[in-house]
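J.: Taken in order, these protein sequences are the chains called A and B.
Quick note, the first sequence lines up with residues 0 to 182 if you use numbering that gives the first Met the number 0.
Quick note, the second sequence lines up with residues 0 to 352 if you use numbering that gives the first Met the number 0.
Don't read these hints as lab results, they were simulated from the structure.
There could be a bad hint or two in this list.
[Said to hold, decoys possible] Derived DSBU-like pairs: lysine-lysine, alpha-carbon spacing no greater than 30 Å straight-line:
id	chain 1	residue 1	chain 2	residue 2
1	B	126	B	193
2	A	65	B	274
3	A	85	B	289
4	B	274	B	228
5	B	233	B	193
6	B	274	A	83
7	B	289	B	274
8	B	228	B	126
9	A	79	A	99
Since the structure is predicted, the reported quantities are computational estimates derived from the model, not experimental observations.
Listed below, chain by chain, are the residues.
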Amino acid sequence: MHEEIIMAGFGGQGIMSIGQLLAYSGMIKGLDVSWMPSYGPEMRGGTANCTVIVSDSRIASPLTSKPDSVIVMNLPSQDKFSPKVKEGGLVVTNSSLIDKEVEREDLEVIKVPANEIANELGNTRVANMIMLGAYLARKEIIDLDTVKESLTSVLPERHHDLIPLNEKALDRGFELVNEEVTV
Amino acid sequence: MAERVLMKGNEAIGEAAIRAGCRYFFGYPITPQNDIPAYMSRELPKHDGVFLQAESEVAASNMVYGAAGSGARVLTSSSSPGISLKAEGLSYIAGAELPCVVVNIMRCGPGLGGIQPSQGDYFQATKGMAHGDFHLIVYAPSTVQELVDLTYKAFDTADRYRNPVMVLGDGMLGQMMEPVEFMEPLDPADLPKKEWATDGAKGRDTNVINSLALAPEELEAMNKKLENKYKKVKANEVMHEEYRMEDAEIAVVAYGTSARISIKAIDMARERGIKVGLIRPITLYPFPEKEVAATCDQIKKYLTVEMSTGQMIEDVRLAVNGRRPVEFFGRLGVVFEAEEVLERLIAMGGEIQ
Chain A
0 MHEEIIMAGF GGQGIMSIGQ LLAYSGMIKG LDVSWMPSYG PEMRGGTANC TVIVSDSRIA
60 SPLTSKPDSV IVMNLPSQDK FSPKVKEGGL VVTNSSLIDK EVEREDLEVI KVPANEIANE
120 LGNTRVANMI MLGAYLARKE IIDLDTVKES LTSVLPERHH DLIPLNEKAL DRGFELVNEE
180 VTV
Chain B
0 MAERVLMKGN EAIGEAAIRA GCRYFFGYPI TPQNDIPAYM SRELPKHDGV FLQAESEVAA
60 SNMVYGAAGS GARVLTSSSS PGISLKAEGL SYIAGAELPC VVVNIMRCGP GLGGIQPSQG
120 DYFQATKGMA HGDFHLIVYA PSTVQELVDL TYKAFDTADR YRNPVMVLGD GMLGQMMEPV
180 EFMEPLDPAD LPKKEWATDG AKGRDTNVIN SLALAPEELE AMNKKLENKY KKVKANEVMH
240 EEYRMEDAEI AVVAYGTSAR ISIKAIDMAR ERGIKVGLIR PITLYPFPEK EVAATCDQIK
300 KYLTVEMSTG QMIEDVRLAV NGRRPVEFFG RLGVVFEAEE VLERLIAMGG EIQ
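Looking at chain B on its own, in the form it has when it is part of the complex (with noise of 0.2 Å):
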């Protein structure tokens, strides 16, 4: 067993992107996510690495698009404001089917709203990130730990996909610090050579990068080759896990912080002797969908756990597809108590007798 550490979650980002052989860090500072560029900046000179402070997110998000490009594994890191900024460079990059990791610490919106934690920002992540047809796959870890496991994959995940991964966190679990182990450090150098990559044509035909398709033919074969890319994706990489759903007759569904919180509801529902586990989506996109739908006969009613107003419990809706009742519980600027939960579970357990 690796040695346990103890890590904030913002840091211990920036030590499983290192880990995942990404030497190359473009970004610009904004609470709550600030541990992640300074952390790059310590350690990436050290792994011959280049972090690089842009003048702003829309350049950041643009060097992303360059280095990606060159076949690198590279990283940038922000906070909803920040990631607003660099959505357009993403719908660029997802055009041109680039590879790179996008870290997104959520905080309060709309606008430049507060820096407290915050989901507000899955619609975004999940269906409305930029313009035209693409997605970003969307990784919601609760822990730390799945802070560096989920890091450390996202850069597979977008190697084989060629398309941008997103981790999507809160600022709890960025600032918090919990025990992690790390795995071994990967060499650069070992990964597979990018064949698409542009690094130079010597010896070999031109490669082109663009998401320029004029020809309406063109563009809609781009389209619809993207449009395949996320069947496989739905069809592979769906991640979820549940939590006393053996004999659940109420079924919490949260991500994240917001699963965490409500796994303590739970445990005291349960000592009341009301049947109810957790659904915790680890992919948002792409979503468990039939996962969600396989436990429509067993459960009785479904509660959507978010720090926002409302935004997964039309995902959940739309696999529910109206057989049960999905109710929502969320607070905003506040990171709600397991307290608060647990009285809804109450009520909906009496509802339920």
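In isolation and in its complexed conformation, chain A is listed as follows (with noise of 0.2 Å):
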């Protein structure tokens, strides 16, 4: 198993979090994983993204110009992101935000109404919680319980009363995805 994502957003929509809790939750199942953040001079309200890898042998590069998955929370992320994934890759895109159609045949896309939950669940902010449920429904890399579990390592000590509230979040996205399935 060899999974590179590139997750994307706005700058204060929790991508840097949802990457490294994906990344710590690898660590705890004794793969190898890499997190590698993008910085650089950017404007409020620019984008943020970062590059995750996990894998079962020794990871070289921890960059990729060909992810296997993208994670993309807001319009300019998609138009960046979604030529550069892999033929036959995933892309799991904020349709909250973004309503335009990602422009290749060969990727699967899954659209997450990811704000709108969030709103439901009462806490626009967990959007990208949301966002992982649904991507680790469709690529199980990680069990979902692991990643719950990692939540207390990698959410800082004044947030962890929304523990519970990151937990809901990443189930409504799992359970979206596996719906979508069944039906």
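From these two lone chains plus the hints, build me the complex, please.
T.: Spelled out as structure tokens, the structure:
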């Protein structure tokens, strides 16, 4: 198993956090992982992205030019990263904020109304977890329970009261995709 | 086995230094290494240590000079332009034969340059840090685990040779997260006493720490002493690693981040039947000169891969000594992709056939 993922969105959408959560979960499963953030001069509201690699063998480069999957939370991110996805790869896109179709026939696209579901749960900020849950339903590289357990270690202590909410958000994203598959 | 933790390269350096018994950090902020001073400012007070943000890099390196003279394990860190400012202090520290550890998380230069990862400070680190005949011992880690292991080792090496040791990484290594295992922490009180330190002369003769030698004979003796020390360093401290070299006809020579991306390119080239391997220097000074030379009978062509316009290639060429062609691939301001290296390897493979 070797999975290369780019996650991208606005600064503040929690992109870096879900990347760290996935990397941490892979690590406690005994896998090799890397998390590489983009860094550089960015304006407020600009895009943030990180590359996560999870593998059952040693990871050489922590970068990827052809990711297996991308999780995109805003339009500039979809425009930038969906053309890079490996042929036949996966795009998990935030349909609450992106109404443009992914312009490639060969990709699998999962549309997740992440902000709407997050609002239903009472906190827009967990939209990132809904995206990650949806991704994990399609790519079972790490089980959902391990990811939930990892929240305690990855989230700063001041946010630990929000762990149940984050778990619920992961579940909602996960269920959304599973329901679509069974229909 | 120790517990694995997921940690950013820069923070892992800080933790490794504390575990090596370092209790003093003097520095000045600069991207992309800021997580190191941030970590030290948070963690050192918990270990009765001192974190001090100096008024400038020049001041910080002279504070390191003072702390090292008192016998303490001391760290400073910066990124390229900041290292240039610290250079003066480092020449004095090397001249006075004091141990300390300096981290350079390289960014692009020259001048203020940019904040993206780079390997443009190879010449500076290995050959021309500052005035006078001296060298830093230079480690070039390529993973977060190696950042930890080599930072820890750097303190021992610095003490053994009474010489500044540099850990040379880049913005990518500093910013990325990987799982790491840490060694058991060391208590600074358990370290051997440094008999030469200026830590109070009550009951013993005065120790003098200085790099001034005005009398010509004295000056030459001081430099001879340093020269002998560097000979010992060259004989004993070379570290390198080889990857898929057994039947290789082409050898990539790369260090740090470039080596990691090269490994990906080598694996892809091998799938296409190109016989290529990697020589990865772990110490840049001393450079694995004999180790590279020993591959000349087997290797038909070398490719040096760096995030610069070509600096380490000069050491590779000196080692190969004209026996084989040494080519170069590098980019600046942009971290290259494995596919770009692969393209070069395919071309070189074709030429060999």
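J.: Need the status of pair residue 233 of chain B, residue 193 of chain B: alpha-carbon distance at most 30 Å?
T.: holds, 24 Å
J.: Holds or violated: are the alpha carbons of residue 126 of chain B and residue 193 of chain B at most 30 Å from each other?
T.: holds, 28 Å
J.: Need the status of pair residue 85 of chain A, residue 289 of chain B: alpha-carbon distance at most 30 Å?
T.: violated, 42 Å
J.: Starting from residue 289 of chain B, check that the Cα of residue 274 of chain B is at most 30 Å away, please.
T.: holds, 22 Å
J.: Is the hinted pair residue 274 of chain B and residue 228 of chain B satisfied, with a Cα-Cα distance of at most 30 Å?
T.: Distance of about 39 Å is beyond 30 Å: violated.
J.: Could you grab the alpha-carbon distance between residue 65 of chain A and residue 274 of chain B and see if it respects the 30 Å cut-off?
T.: Holds. Residue 65 of chain A to residue 274 of chain B sits at ~24 Å (cutoff 30 Å).
J.: So if I understand the rule, the pair passes when the alpha-carbon distance is 30 Å or less; does residue 228 of chain B with residue 126 of chain B pass?
T.: holds, 16 Å
J.: Check whether the Cα positions of residue 274 of chain B and residue 83 of chain A lie no farther apart than 30 Å.
T.: Given that 30 Å is the threshold and the Cα spacing comes to 29 Å, the pair holds.
J.: Hint check: residue 79 of chain A vs residue 99 of chain A, CA-CA at most 30 Å. Holds or violated?
T.: Cα-Cα ~13 Å, so holds.
In summary, the structure is inconsistent with hints 3, 4 from the numbered list given earlier, while agreeing with the others.
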